[in-house]
Structure formats: structure tokens, C-alpha cells
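A.B. asks: Working from the sequences, and respecting the hints, build out all of it.
If you want the building blocks of each chain, they are given just below.
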Amino acid sequence: MVYPPFSPFSLEYPPLITLSQLVLEVISEDRLLALRKRAELDSKYVLFLNHSELPLSLPRIASAFSELALAYYREEARRIKSRIEKRSSTSLDLIVRYCFKVAVYAEFRRDWGEALKFYEDAYHSLHEMIGTSTRLPAIQRLVEIKTIAELLHFKISTLLLHGGKLTEAVIWFHQHKSSYDKVVGSTEYIFLHWEWMSRQFLVFAELLEASSATVQSFSSLNQGTAQIPLTEFEFYPAYYYQLAAHYLQNKKSALELLVSMSVAAQEIDGSSESITPSVYVGQFSQLREKGEALTLHFITDEEYIRYAISEAKRFQDSFEIVAWLKKSYESFTNLKSRRMAAFCAFEIAREYFGLSDPSNAKFFFDITVNLYRQEGWVSLLWEVLGYLRECSRNLGAFKDFVELSLEMVALPVTSCDDFGNLRDKTYGPGGPATVSRRESIHREVFTLFCRETELISSTEESGFKFAIDSPLHLEIDLVSPLRPVLLASVAFHEQMIKPRSLCSITLSLLSHLPLPVEIDHLEVQFNQSTCNFVVRNSQKPLVASPSSTVQSGSQEENEPSLVLVPNNWLRLTYAIKPEKSGKLECLSVLAKLGTRFTISSRAESPAAMEDSPVWKHENYVQSLPTKDPILAVFGQKATQVEEPEPQVDVSLGASGPALVGENFTMPIVVTSKGHAVYSGELKINLVDVGGGGLFSPREAEPFSLESHHVEICGIDGAEGNDESESETGNIKKIQQSFGLVSVPNLKEGESWSCKLEIKWHRAKPVMLFVSLGYLPQGSEANAQKVHIHKSLQIEGKMPLVINNRFMLPYRRDHLLLNRIKPAPDSEDISSLPLNEKSVLVVSAKNCTEIALKLMCMSIELDDEQGKTSCLIQQGGGGGETSGSANLAPGEEFKSNTVSVLPKSEHVLSYKLVPLTCGQQQLPKITLTSVRYSAEFQPSTIASSVFVFPSAPQANSTAK
Amino acid sequence: MIVCVSVVGHQNNPLYIQSFTDADDALKLHHVVHCSLDVIEERVNNPKKSGTTLNEAFLGLLYPTLNYKVYGYLTNTKVKFILVTTDLDVRDTDVRNFFRKFHAAYVDAVSNPFHVPGKKITSRTFAQTVSNIVGSYGLN
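Chain order of the listed sequences is A and B.
Heads up, the first sequence is in my numbering, so the first residue is 1 and it goes up one at a time.
Heads up, the second sequence is in my numbering, so the first residue is 960 and it goes up one at a time.
Just so you know, the hints here were simulated from the structure itself, not pulled from any lab data.
As the structure is a prediction and not an experimental result, all values here were calculated from the model.
Accuracy of the hints is not assured; some may be wrong.
[Stated by the list, open to error] Short, incomplete list of chain B residues facing chain A, as computed with Cβ under 8 Å:
(1) N971
(2) H989
(3) L996
(4) D997
(5) Y1027
(6) V1069
(7) I1092
(8) S1095
[Stated by the list, open to error] Distance windows between CB atoms, simulated:
(9) B:T1045 x A:F363: 43 to 53 Å
(10) A:A575 x B:S1070: 40 to 50 Å
(11) A:P412 x B:T1045: 22 to 32 Å
(12) B:S1070 x A:E645: 55 to 65 Å
(13) B:T1045 x A:L257: 16 to 26 Å
(14) A:K182 x B:G1094: 25 to 35 Å
(15) A:F154 x B:S1070: 49 to 59 Å
Glycine residues also receive a C-beta, built at the ideal position from the N, C-alpha and C atoms.
C.D. replies: Written out as C-alpha cells, the structure is:
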């Protein structure tokens, strides 16, 4: 097989000859060599193929081909480059063409650097052609240049982006944009320029989007150069999509203008149908029949323009614009650029609005309007609201229409805008944001719903195709954008009021509408519906309108006029009489305007009333909602209605102190003194009083622990009232510090009592709270409970203080004194003599003011050996055990209690062991009675004894 | 030429916005200023990424759009100043000088005891000073 050589002109590129093995078998190798030499073929271009090993041979053929191709492209490029360098042709067209060729060849060779260089050269040479070339008619000439520039730009951008040179690509795009930004051509047909510009942005956006997957962290790239600083947004495809859409919008409007202005453009010329793009990039020609043959002819600019207009009209630009803007919107939303996204949403919505698609438009306008509301961009908000108002009009959403209109008219648009700032003639459908415009919208809305029924037939003029006689109700809360329409501030004059007595309430209304509004009547609603009242405008005829909130027969007030003057508080003060106790709060104020329109505004306290954080009505004098400045600053929309005076007495029958371990009984008596008691409930609470302030941190233990120290053991039901308890199905709930007992129904004058048992585990003062809640008038549904509270502090006391100490053995042998000397720390651990009897003194002291009956005492040793626990029994001994002090030396104890009994006799006996002889003093005994302040003092004779030196022992008994 | 200057508060609410153009693009400029707040937010939140230093009040070029260039400035009290210009060739020093003067005028305006912080700046003196600064922009 012999393949033809690549170039028909030159034999520099040898044919590639492949010979099959079969040939080799026929022709000898020598002959083959001779043939090759004769043909002047390099040996590397002659390949031997073995058909059986074709798959192995194919790569060899491929590499031979590519080598040849590379050589060819290199050679071709070199040849053309030499022409460029020689400047053999002064024509710029040719230079552009040569550069393009070289670049394409370089691309074939994957020589990206050279490709880029020559594409750029071509681009710059092309730019020089603007204004110098005269080859084609003016318009088509520019079209051709721009089309080629676009192609070159596409090539350059692609090469840069594929090479990962994102910053360079963006900078290149900027240069491209600024080079051709002003190359508009004929201003009459500017739509051609806008279309071209739009395409540049779109193509670059798509290229950027495709490459952003490969170039991840472009933010880390050096952004721009000193000359051309780049910003974050310029790396986002969304930015270019948005601008592409913007230019296409320009094109669309320019084209629309052109079509509407020129008659010629409106006619679709049949001749333009035969115009087609030529084989040369950026040129157009017409196909004409000449006899049998079809020939291509150059066209005039007029023909071209007709063709371009008819082509442009075929495209639905709006759909393109919406699609690109949506891409941009989604991308900006993902980037958390809320404002950019909102702007894109606004543009999308405007496009839909232009396409008469109000529901889609409303969706995107709503996205925008929320952000502008939130950030208080009043003039932008006004514009969007104007669009939204028209959307709701087209959608027939009457309530939306009214709400949007009212929001618009209540906007704080400053009056200076009338002649100052916003002179934009390209308004949205809302018109200019001026006071006069606000007033006209105000009038439009109010005539819509305030006119009489007979006029409703003409609603079509307002754009609403249906009768709007259905009632319209608007709710305004604290975050509603309609809050400036009707602001209701309500202040009670008193913080606490008595039930069934008159109390004053001031109602202040403020409207930021531009024109005065007359209110037919006001309904003021409270949480206690019996307090609701109506304020009527005397000038308006009394219309018996059904009201869901105000019951018939409730309070009615009349005002000579109820007119809300713009930006002025309408202050109304009335007296109301609350029936029930508890919280009385004004909920809302409902204003009725006309026969069908009501606005309900949430009531606000003057004290808590705040301006919107970003929303200010700067241009008006701020006045207070009430004349009383204190009320204006501290006034509240809620007040507390006191309970009626309780006419039932609760008495706590004991006072204490209570003793630790004792079951302390507290009688509670409920006595009716004028009120009958129904559904009575007694709540009992024990509260630790240690928390008053003077308590150590150790005492501030968790409540659960504390509660164990004092607990309610039980509540003994009322004596003899068992049957009534079962009747009412009484609750009896007891916890450690809380108890709930229900009280049976009591008639006037009756009483009931129960006993509360409280046990102290530790000496601790506690506060006992007892509260009785009852219904004075039977079990009516709306009856209110009356509460009585009682409290009592009860001390918990330790009844006995028990002390013990060891007596040291008496000195039987004074010579042994040193040996039995107590250790210095004997206070803590007494050292006792071994194998000796020691005396343990145990004393129990009554700390209370009452007599205690000591039943028994026991002593236990926790020592292992000492299983000598003993019980000390005092048979029937009762009464006061005063301190058992003054134990004489030698007095022996294993019974260690001394009882002093009132009205009884107690014998105190002890043994004495004399150590020396002579006159000796007996142990002195003093008896002191606390109660009678009596004292016993034995005489000196009775308290001394003589000890003889002789052997006989002396015994003495003293009383 | 400066076409618009604006003061924007903490909650991105406009405190002062004034355009200096005869063309019908006041509303467009409002959009431009509003959108530029996104860039400021991004720069403030990611100071490293954008290469601006923290203690620099001048934020530089925020973004180019259509025929405008938008520059930003952030005061210590987080009030933003935004400048929109139609100049293609803008010298950084000119913009810095402008913002310095503008900042001084702003401080004067809010130091007025009758000015409520967070409210719109309605002072006529401020408006006059601003238009003087705008007029003298780029002259020296």
C-alpha cells in the first residue's frame, strides 16, 4: 500500500510506504534497497508490516504518522512565520490570517505557549484594523472584526483557563471587554453591539464555570496586578452571567425601540431570507439564482441590517435573560451573597413582569422585598413594592393589593425626594417615591374599599375583575411591615386596680399614612372579654355591624370625631370596670374604616414600644403617645386586678418551738367569716429560712438534702368531717416539704380544722406557709378563687445536750502521782488506768423551756472488745435534769443520772475516803432551782467533819 | 467622576445616600451600593482570603460593575462608606484621600448632639460638605 504524501507541492515530505510481509517474500532485500535508494526514501519511512501481527504494528504506524505530522506542522508554521517576519504583506488582514494559522498549527503540536502568543498577535493586529480597513461596507466590516475578535478571544481564554492561569484569563477578559466596550459602531443599530457584548460575557461565564472544577482554590491566587486589581466577584461565573443578562436586556430594549421607531424594520423583507453566513467567519452573503446556477453575492449594509433584525426578532431574549439570571441567582445564593442574589431575583422578576407572568414575577419580587424591608432600603423597597402591587392587581389578589399599597404609602419616603434625589425617570409601576405619589396611592386604595356599595359595579377600572364587596380584614402585629399604618399604644393609668372599680386607660393611635383617615368605630379587646368596649364616631351613622369580639350590651363610648391625622397621636382616655381579678391586658385595637374594611392592630405598651431597628421616620417631630410623660415612658398595656378581700380566717394553732425527733402537731383551723368556702384547697409549704442571708456556704446545700431535715409526716384529716371529705373526693397529697389538702365546702360561719404533723430531724428554723384558695360563690365556671396566705416561723430545737467525761481515779497512793498523771492531750482521748475501775460521767441537759421525760439512756461502745453496752434505766424518773455538776472526788458512778423531781425527794449519797486526819471540809453542795430562785446552803458545821488519826474509819452522811 | 456616595449603618441600613449624576440612574446606584455590601461582608469575614489587613479602614475596590467602580471604607464603629465612580483609571491615593475627608465630615455630623446614632443623617451641613469633597475629588 502506498499512501499519498501530505503535501502536493513538495517532496520534502516523503510518502510513507508500508510493505507487507508477502511483498518481502516476493522481492529480495537487495532489490528493495535499490528501489528505496532510487526513490530517495529514508529507511524510517518504509515500514514492514506483518499482517498476522497487525495490532502490534499499528502503534508503529501511528508514531510514524505523528512524527511526520509534527514535522509538517512545524515546517508550515515556520514558513508562515517567515512571511510575518518579512512583512511581505502590509495588509493587516493577511497578518491576522497568518498569525491565526501559526497558532492553530502550534495548537496541533500542543505548543500552547506559541499558540497563545500568535492568537494574541492576531487579536492585536485585528484591533488595529478597526477604522483602517475599508474592505467591506461599514457595518459588516465591524461585524466581521468583532466576530473574529470573539473567536480569537475564545481561543485565548480557553488556552489560559486550561493552563490553570485563571487570573490571567480574567485580566485578559477585562482587556478584551474594555477594548471593544466603546466600539459600538452605528448607534442606530446598537442592538448589534449589545448582543455581541452579551455573548462575550456569556461565553466567558461558561468557560469559567467549566474550568472552576479544575481550578479549585482560585482565592489563593494572586489577585490581579498593581495595574488591574481584581476583586472576588470577578472570579465567579455568576458575575459574568449577570452581566451577560444585563447586556442582553440592553439589546432587547434597543431592538424594541428600533422596531417601534422604524417602519422598515417592522417589515420582514423576503429578500433577507436568502442571506446566509458566508464560509468566511463573520461575513454574510446572499444566494442568488442566476439562470440555472446559484451564486453567492455580497450584500449591502441595508440588506444586512434587515437580515440582522429579522434574525434578532426570532429569538426570545427574555427566556435567555431569565435563564442566565437564575444561574447567577443560584450561584450567589450558594456563595451567601444575599444582596447580589436579591438583585438577580429582582431582575428576574422584572423580566417575568415584562413577560406578563405575574405569579413568577411575584415569587422573585417577594425574595427581594424581604431583604429590602429587613435592611431598610426604602427607595429600593418602594420600587419593588410598586411592582408587587401591580402583580397582585393582575393576579386579582385584592388583600395583597391593599396591604402592599398601604405599606407603600406608609413608607418613610422623605419629601425632599420630590425635587431632589430620586429623579429617575425609569420608574417601576410604583412611580416616583414622592409625597404626592403616596397621596395618590392612598386615595386610590381608600376609594376602593370605602365607597358605597352602589359604586362597586365600576371596580373594573381598578383592575379587579370581581366585586370587592367582601369584607377585608388586616391584622397588624409587631413585626408586620404594616405597623406604621396603625400603631396602637395602650396604657393603664394604675399598675394595680381594685375589682369592680373604675380604672382609666389611655388609647393612643398613630398612623404614618400621608392623608387623614376617618375611623367609623374602634373596638378595644382585652384578655377579659367582658372589658371589651367600642368607641363610636358620632359623625358616622350607627351601623349595626356584627362584631365577633364585642358582646352586645358592653361598654360604648362616643367621640365627636375619630380622625387619624398623619403622624399625630390620637389620644383617647376611658374608664373601664374590670370584673375579675388577675391580669387584665389589652390585646388589640380594631379600627373599622368604611363598611367593609377593618384593621386590627396589636396593642403595645408605651414602655416597650420601639421603632423598627432600621426603619425610621426621621422627618417628623416625635411626640409621646400620652400626654403624661411618665405614662409615656413607663406605661403598660396590662394591669393587675386585685382579688376581693377574703372573708375566711385561717389560723395556725401552735407556735413552737418544736423538738428534734418529735412529731410536732400543728392544728390548722379554717373559719368562715362571711364567705362560704367552695372547692377550697389548702396548700402547705415548708421553706428553709436559713437562706435569708446569714448562712454559711455549707448550709447552702441542695434543697433535696435540706428537705430531709424537716418533713411533713402527715396531715390528719378534719375531725368528724370524714363524710364531707369522701363527698368531695378530696385530694391529699403530701411530699416532704409540700402538702395539698382540699377543704370541704363550708357555709358561712362554719369552721374546719386539720392537724399537720411535722418532724424535725435537725435543729433548724423553718417557715411554714399555708395558703387557702377557695371560691366564695359556688362552683361557677367563671368564678375566681380567693386566696388567704398565712405563714409562721417555727424553731426546731434539740431537747437534750448529752455530755460525757471520764473521772480520773482518786489518788489512792500519792507516791504514784507521776505514774497516773494524765497525758497532755487527755481531753480528746482519755487515758485510763488498766485494770482499774474508771468513772464515766454522762450528763443530759434539758435545753428547752418545758419538762422532759427521760425514759432511758444507753451507752454503747463501738469497740470490738467492749461488748459491754449498758442501758441505764431510770425508773419512772421524770422532770428536769439540771446539770449534774459538782461531783465530789471519790464519788463512784456506773448509774450516772441525777434526777431532781419537783414535789419529790431525792437523796444524794456519796462515800468519802479520808486521806488525812483533822477537821476536814465536806464536798460543798449547792442546789439552785431555776424556777423559784431558791438556794440551798448547808451550814458550815454540817459541811465539815473531823477525821481521827486512829485506825477506826469515820463515816459521815450529809444531807 | 464620583456618581454616588453612601453611609451604611450596622444593620446594613442606609444612613445617607446621595448621587451626583444627571442621568436617570439614581435607583441603579442604590442597587449598586446595596450589592457592594456583600463584598464588604465577605472581606470583613475573610480578611486573609482577600488580602486586606485587619486594621486598614480602606477596603479598596469592591467590585467593578458595568460602567462603575465601587470602593469601600469601614470605620472602627463598623459604619461603611461606599463610593461609586465612573472613572476607569482611579488612583488609590485619590480614593483614600476622599475617604479620609469624608470620614472627618461624618464624624462632625454624628457628633452633633441632636443627631441620634443609628438614624439617617439629615444634616444640611453634612450634605454641603460632602458635595464639596466630591467636587474637589481628584483635583490635587
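A.B. asks: It remains to establish, for every hint, whether it holds in the given structure.
C.D. replies: Okay, the hints, checked on the actual structure:
1. With a cut of 8 Å, the hint placing N971 (chain B) at the interface with chain A holds, because the nearest CB-to-CB distance is about 5 Å.
2. The interface hint given for H989 (chain B) holds, since its Cβ lies 5 Å from the closest Cβ of chain A, which is under the 8 Å cut-off.
3. Look at L996 (chain B): its Cβ gets to within about 5 Å of chain A, closer than 8 Å, so that hint holds up.
4. Hint on D997 (chain B) holds. Least Cβ distance to chain A is approximately 4 Å, under the 8 Å limit.
5. Checking Y1027 (chain B) against chain A: minimum C-beta separation of about 12 Å lies over 8 Å; hint violated.
6. Look at V1069 (chain B): its Cβ only gets to about 14 Å from chain A, farther than 8 Å, so that hint breaks.
7. At a threshold of 8 Å, the smallest CB-CB gap from I1092 (chain B) to chain A is about 18 Å, leaving the interface hint violated.
8. Because the beta carbon of S1095 (chain B) sits about 22 Å from the nearest beta carbon in chain A, more than 8 Å, this interface hint is broken.
9. Taking 43 to 53 Å as the suggested C-beta distance range, the pair T1045 (chain B) and F363 (chain A) does not conform, at roughly 34 Å.
10. Checking the proposed 40 to 50 Å range against A575 (chain A) and S1070 (chain B) shows it holds: the Cβ atoms sit about 48 Å from each other.
11. Separated by about 30 Å at the C-beta atoms, P412 (chain A) and T1045 (chain B) satisfy the suggested range of 22 to 32 Å.
12. Between S1070 (chain B) and E645 (chain A) the beta carbons are some 59 Å apart, a value that agrees with the proposed interval 55 to 65 Å.
13. Range check, T1045 (chain B) to L257 (chain A): about 24 Å between beta-carbon atoms, so the 16 to 26 Å window is met.
14. Here the CB-CB span from K182 (chain A) to G1094 (chain B) is close to 27 Å, well matched to the stated 25 to 35 Å.
15. A hinted range of 49 to 59 Å holds for the C-beta pair F154 (chain A) and S1070 (chain B), which are about 56 Å apart.
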